[in-house]
Amino acid sequence: MYLRNPKAIVAMAFFNIYGLISWQVLAAPDAVLGKAKSQTCFACHGADGIGITPSIPNIAAQPPLSLFYQLVQFREGMRKGGGMEALAKPLSDDDIRDIAAYFSVLPPPEAKVGDAAKLAVGQKITQQNYCNSCHAPKLQGQKQVPRLAGQSVEYFVAQLRNIRSGARVDMDGTMGSAARGLSDEDIEALAAYSASLN
Amino acid sequence: MKLKQIHSLMFAAGLGIATLASAQALVPAPAPAAAGVPPTWAQGRTADGMNPALVPNPSPLVAKPVNEILIDKLKVPPGFKIELWASGMPNARSMTESPSGTIFVGTRFPGNVYAVVSKDGKREVKTIAKGLHRPNGVAFVNGSLYVAELSRIIRYDNIEQNLDNPPAPVVVFDALPKDEPHGWKYLKLSPDGKYLYFQIGTPANIVVPPSTHATIMRLNLKTNTIETVATGVRNSVGMDFQPGTNELWFTNMGRDWAGEDLPNDTLNRLVRPKGMNFGYPFCHQGDWLDPEFGKGRTCDEFDKPEMKLGAHVSPLGLRFYTGKQFPAEYKGNIFIAEYGSWNRTKKAGYQVVRVVLDAKNKPVKLEPFVTGWLQGEEYWGRPADVQVIKDGSLLISDGEAGAIYRVSYSK
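Protein sequence lines correspond, in order, to chains A and B.
Just so we're aligned: 160 in this note's numbering is position 160 of the first sequence, and the numbers increase by one with no gaps anywhere.
To convert, take the position in the second sequence, counting from 1, and add 198; that gives this note's numbering.
Source of the hints: derived by calculation from the structure; they are not laboratory data.
Treat the hints loosely; a few may be bogus.
[What the hints assert, rightly or not] In silico lysine-lysine, DSS-like type, Cα no more than 27 angstroms apart, as pairs:
#	chain 1	residue 1	chain 2	residue 2
1	B	K588	B	K317
2	B	K529	B	K502
3	B	K502	A	K143
4	A	K143	B	K544
5	A	K80	B	K271
6	A	K80	B	K376
7	B	K545	A	K143
8	B	K324	A	K89
9	B	K324	A	K80
10	A	K89	B	K588
11	B	K529	A	K138
12	A	K143	B	K328
Just need the whole structure built from these sequences, with the hints factored in.
The structure is reproduced here in structure tokens:
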């Protein structure tokens with residue numbers, strides 16, 4: 001599944017996202033260039049896109065557009081946290097596309113085993129809250145919507161609480177309304193369930 | 199009703215819908231472990247209904263570089279020309295022109311407001327505001343720029359003298375509802391200069407909204423009070439006053455998840471200054487009862503649209519053609535920007551259309567005017583608003599590409 005030639009698969013992924021029209025020659029996002037531009041990221045997110053501590057998100061195998069959106073939001077001051085605003089500030093749109101291309105083709109985080117009862121609750125809430133509508137059937141993310149599968153439990157819980165409280169504002173209010181009715185226990189179950197997927 | 203009460207009411211309405219929706223959910227739901235509120239755009243979706251894979255299009259946060267703006271793909275009628283007029287404005291949407299020719303541009307997602315200044319045949323884009331909350335509506339009144347954010351209206355005084363260093367805005371009205379769904383506003387100054395018209399959209403796809411929502415409102419600039427102008431309007435993100443009659447015409451977007459080809463989005467006309475009800479959520483497009491909320495109702499209770507525009511085409515900004523540059527047959531026509539569909543398997547819209555009115559002021563013809571943003575099933579641009587400028591040409595904003603085009607005519 002994970003090709004030796006990341007450029008090829010990135011080009012394909014990019015084509016799928018934008019459906020770009022073949023007569024228009026474009027500078028496709030470049031995962032090789034992206035790796036060079038991602039050196040600063042590795043200190044926390046790892047060269048494999050797996051956060052070095054549980055408070056740092058796993059960004060391996062995130063949909064490229066999702067990484068692009070988050071970095072743009074950090075750069076524009078629309079999202080804050082982890083010092084990412086300052087790190088994203090100097091990046092151009094092309095830089096961000098290349099960085100997103102690099103991390104998006106890495107193997108996804110490993111699934112984590114969790115308490116069976118808790119996972120069942122998490123799965124139920126996932127269905128009841130229509131999470132799959134946007135985050136895709138196996139929570140692997142799609143387009144601008146992030147991958148939740150294999151995400152760090154600690155990071156997941158912190159972010160969803162922030163969205164619920166309004167400390168983190170999402171793009172269009174969809175996540176704000178989705179998180180409004182969740183209890184702390186619900187959020188923990190969702191985090192465990194997401195982490196158990198790959 | 200006090201605005202403070204709206205949120206609790208809204209929440210109650212949301213729960214009501216959630217109960218309905220979960221009864222029809224794809225997965226049989228045992229005792230709920232959580233509130234189980236679907237995202238608002240998914241309300242009204244049924245297990246036996248439309249293609250469940252449909253989800254809203256990604257929101258644009260950045261502008262396309264010029265080499266990704268496929269201007270050569272845009273088609274206009276013979277004799278017309280279309281050119282890229284300005285670019286580099288992420289999510290450029292609603293436009294207004296000042297008497298001196300500055301174009302002000304609002305956005306929905308990036309929170310920016312732009313000013314496009316023309317000098318010696320060239321345009322310069324200035325970002326005059328950042329970090330606003332859905333500053334979609336713009337209107338220019340006596341030297342001041344009014345901006346409608348999601349829940350408030352603000353004003354930048356003497357803006358044209360201070361484009362490089364805009365003053366802090368004056369808050370004009372800040373007690374509008376804070377609901378995100380359909381919460382971004384269009385803003386239009388009345389011909390007498392006394393009122394700013396705007397909409398308060400319905401807070402979900404299909405709900406019985408509080409009386410404050412699914413309305414067109416107006417703000418009295420002298421007394422700073424708001425009043426309801428029309429009800430039953432699901433969401434209007436485009437308004438213009440007809441020259442001569444001074445009547446407000448507006449677009450309205452139909453509900454989702456009821457069908458690939460139903461209900462139609464519509465073009466509407468306000469013939470009475472108050473009291474008109476355009477049917478939402480009970481009756482859509484003037485003649486089609488809602489499958490759920492229409493039970494026991496009839497469309498005869500409600501006012502009718504002037505024209506059906508097609509389902510899911512997402513009409514946003516509209517303008518009457520008031521210029522002298524285009525051929526005589528275009529005089530008084532209505533141009534409408536169609537942002538394009540998401541809730542339809544085969545995409546629709548993604549074009550600017552032209553509506554022709556007859557001698558009795560009735561729309562009689564609807565035809566494409568500019569097409570090409572949609573190539574096959576993929577779009578590269580999305581028309582968001584139109585603006586007739588002083589030289590008689592037509593500007594078109596593109597919320598996806600972050601650009602403005604200019605359509606001109608020469609014999």
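Quiz item: Taking each numbered hint in turn, which are not upheld by the structure, reported in ascending numerical order?
Solution: 3, 5, 10, 11
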